[in-house]
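Peer 1: One-letter residues, chain by chain:
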Amino acid sequence: MALMEIFAGKRLGRGLHVPDHKEATNHLPIRRMPFAPMLVVPLSQHTGAPAIPIVHEGQEVVRGEPIAKAGGFVSVPMHAPATGRVVRIALAPSARGDLSPAIYINPYQGASQEVLYGAEQDIERMTPAEIVQAVQNTGVVGLGGAAFPTHVKLKVPEGKKIDTVVVNGCECEPYLTTDHRVMLEQPGEVLHGARIAMRALGADRAVVGVENNKLDAVAALRAAAAGAADITIEAVEAKYPQGAEKMLVKVLLGREIPSAGLPADVGLAVFNVATLAQIGELLPRSQGLIERVVTITGPGVRKPGNYLVALGTPLRWALAQAECTDQVSSVILGGPMMGAAAGSLDVPITKGVTGILVLTRNEVNGHTRIYTCIHCAACVDVCPMHLNPSRLGMLARKDRYEEMEADFHLMDCFECGCCSYVCPSHIPLVQYFRIAKQMVRERSIKERQRA
Amino acid sequence: MNTVVEIRTSPHVHSGRSVDQIMRHVVYALLPICCYAVWLFGISALALLATTTGACVLVEHISCRMAGRESSIGDCSVAITGILLGLTLPPGLPLWMAVVGAFIAVAPGKMIFGGLGFNVFNPALVGRAFLQAAFPVAITSYTPALALHRFAEFIPTSLAAPFLKAAPLGDWIARVRIDGFTGATPLMLQKFDHVATDPWTLFLGERAGSSGETPALLILLCGCYLIARKMMDWRIPVAMLLGALLTDAGYYLSNPTRYPGPVFVLFSGGLMLGAMFMATDPVASPVTPRGMWIYGLLMGLITVLIRFEGGLAEGVMYAILLGNALAPLIDNVTQPRTYGERRRKAMVAP
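Protein sequence lines correspond, in order, to chains A and B.
Going by my numbering, the first sequence opens with residue 1, and the numbers climb by one from there.
Going by my numbering, the second sequence opens with residue 1, and the numbers climb by one from there.
None of these hints come from the bench; they were simulated from the model.
All values derive from a computational prediction rather than experimental measurement.
Glycine is no exception: its CB is placed at the ideal position from the N, C-alpha and C atoms.
Watch out, some of these pointers could steer you wrong.
Every beta carbon over 10 Å from chain B, so not counted as near; a handful from chain A, in silico [what the hints assert, rightly or not]:
no., residue
1, 66
2, 69
3, 122
4, 256
5, 285
Once the Cα atoms are required to be at most 30 Å apart in a straight line, the calculated DSS-like pairs of lysine-lysine come out as [unchecked claim]:
no., chain 1, residue 1, chain 2, residue 2
6, A, 437, A, 155
7, A, 250, A, 446
8, A, 250, B, 230
9, A, 398, A, 446
10, B, 165, A, 22
11, B, 191, B, 165
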């Protein structure tokens, strides 16, 4: 059975096999990290409007207590990650490189890791609208990295019907093993979360897609599902970027999300396994999201592992716990293919941080020589969106952004980075496309203002 | 803990492939063919290959200097051009003509467009096409393989002085005692005299022809090495051979006595060398998957059409040059359908 799934796993046509380096941490159980002496909880850890603080400086907070309320529908509240005192509400460095408002909390020494805040609630008797509200109250956002508020996806768009919930357990980024460990250690919570999502959306089935390099997770989920008819667990080929939702729904269900559309356009809603595990765990007790699993790994750390980290823990503290070496050349939040390099070690860990990858000078591609495009078509062969990165790159060099958008589907690029990874000329293709997309967006905003 | 971190944008890792690495491997794949050419045709082939390669590298180096930029000979692409040019010329071609060919291949064939990545045509074939037009006799004067004393003395025409009449080959051929040699390649024999050549001679290449085009099996093997190392796209050679095969099948089935069979068509002339090492020049071929198939099939078709219907015995060179010319157009009409695209766009303006 297992062997069959290795070979017959549902296949992704394009994309590429990247050395995954997951063996460093995929066998290590999730361990809780001690509180840092200062926790910095940014008010904007998610896509959408920032949260609004409801505490004042000097106030004592209890672990799990709400400290900021949602700033609108596409926004979530924040909860105190530790019992302690609010020291100040001020600007803090963010992973993007700028400063953003945050609540500084000084945890009490010896503060308990137990969460006392919260009350039981009966999900079975809630209406879909009440579930959406309850999920918003937990502050859960997409934990796969996107950090999009989950309750927004649980609300069926008008005129649409959702028939299937797709659960994303691919974790195709190299090095990362958080979703893997969550599936192994909390399969029941994952499935419970999936059931809650099905109820909220009125979907009658759920499909879990897991890459076939994690067959133990497939087995754990199947055991937890215990033959339930409405939830199926499928192994899919381990290939980057299998975990992109557009790729996953195509491979699992043969449906294509239309260009500039949403999964709801084809009757689907896609959630990451860790997100559903948190909903399954927090919702029955109406608690808030205060910690998440983060894989800290890479050649630059001596104690790699999967750590349960309180939100707001500064990188510097987390890296010290994992015994970071002196040979650090860059610290990446997320995986090596799509993660962002942290600009400072004072950046706090937020809801969207799946992993911290510490690279030394040996792994980071240095100042390699850039050649002209030799039309080798390697990028065309790997682009999961079936774009033509070679042509797009040549147009980008000439700043022909409108043409890239109008004739070569620039805006469909989701920046997986496959093209840059394979390019033998070392042309920074996806980097060009990021700039081009930003230029197109800015121009269209300007045009709208003029009109 | 070191607090200085570098900031780069993702992806933070790379496959490790590079252009110079790919080009170096193409050179490695061509070396066995060069060695075999020297074994077959002796010191003249060696001198020819050394001349074309050396001249091409020199011309690129000087061009770069004149353009005031760093020399690009280090990426090895010009070495491929030089070797390929040598392999496609008759072993007895006067060396001064080879230098002219090398100059045309690199200066107007490649550097004038901006160097690697910008040339429209395969540079080696540009050089060869020029020689074919300028010296039609010299480029169709073939000498026998495995001649006596081939490692000790040059084919007399090789050392001809520029712009002077070369010594006639007849006396030399009589002296090296190759029985029944008519100075014709198997394609010429087939086309003009209707004489068939033994398939094993074609596979092993012990026949008259351009210095490196004869050992079809060896060329196939070297090409497969590059395909296995993922340094070359398999679709183009497969499509080109398939195109030739299908076109020949039409002719052969309609008149088996007049037209040669598939084995002869695939393994004679320069088809194998062209399909494996020249049609696959990435710079001058399409990038879209469907485009590669169309490009290959078209070149195979034209090769056989020239062989059977045209005045020349061989058509690979012009087929590939025509394919190169059409490649940008093929690319434009075969843009892939993107994921989630709502409707097909008809055609994209170049």
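Peer 1: Should the label of residue 69 of chain A as a non-interface residue stand, given a Cβ cut-off of 10 Å to chain B?
Peer 2: holds, 33 Å
Peer 1: Quick check for students: does the CB of residue 66 of chain A sit more than 10 Å from each CB in chain B?
Peer 2: Its Cβ never comes within 10 Å of chain B, the nearest being 34 Å, so this holds.
Peer 1: Over 10 Å from every CB of chain B: does residue 285 of chain A meet that, or does the non-interface label fail?
Peer 2: holds, 37 Å
Peer 1: Within a Cα-Cα threshold of 30 Å, do residue 398 of chain A and residue 446 of chain A meet the stated pairing?
Peer 2: holds, 21 Å
Peer 1: So is residue 122 of chain A really clear of chain B, every C-beta pair being over 10 Å apart?
Peer 2: holds, 40 Å
Peer 1: Can you confirm whether the C-alpha distance between residue 191 of chain B and residue 165 of chain B stays at or below 30 Å?
Peer 2: holds, 28 Å
Peer 1: Does residue 437 of chain A pair with residue 155 of chain A here, judged by a C-alpha cut-off of 30 Å?
Peer 2: holds, 29 Å
Peer 1: Quick one, are residue 250 of chain A and residue 446 of chain A close enough, alpha carbons at most 30 Å?
Peer 2: violated, 35 Å
Peer 1: Decide, holds or violated, for the assertion that all CB atoms of chain B are farther than 10 Å from the CB of residue 256 of chain A.
Peer 2: Label violated. Min Cβ-Cβ 5 Å, cutoff 10 Å.
Peer 1: Residue 165 of chain B and residue 22 of chain A were given as a pair; does the straight-line alpha-carbon distance stay at or below 30 Å?
Peer 2: violated, 71 Å
Peer 1: When you check the alpha-carbon spacing of residue 250 of chain A and residue 230 of chain B, does it fall within 30 Å?
Peer 2: Holds: residue 250 of chain A and residue 230 of chain B sit about 27 Å apart, inside 30 Å.
Of the numbered hints stated above, those contradicted by the structure are hints 4, 7 and 10, listed in ascending order.
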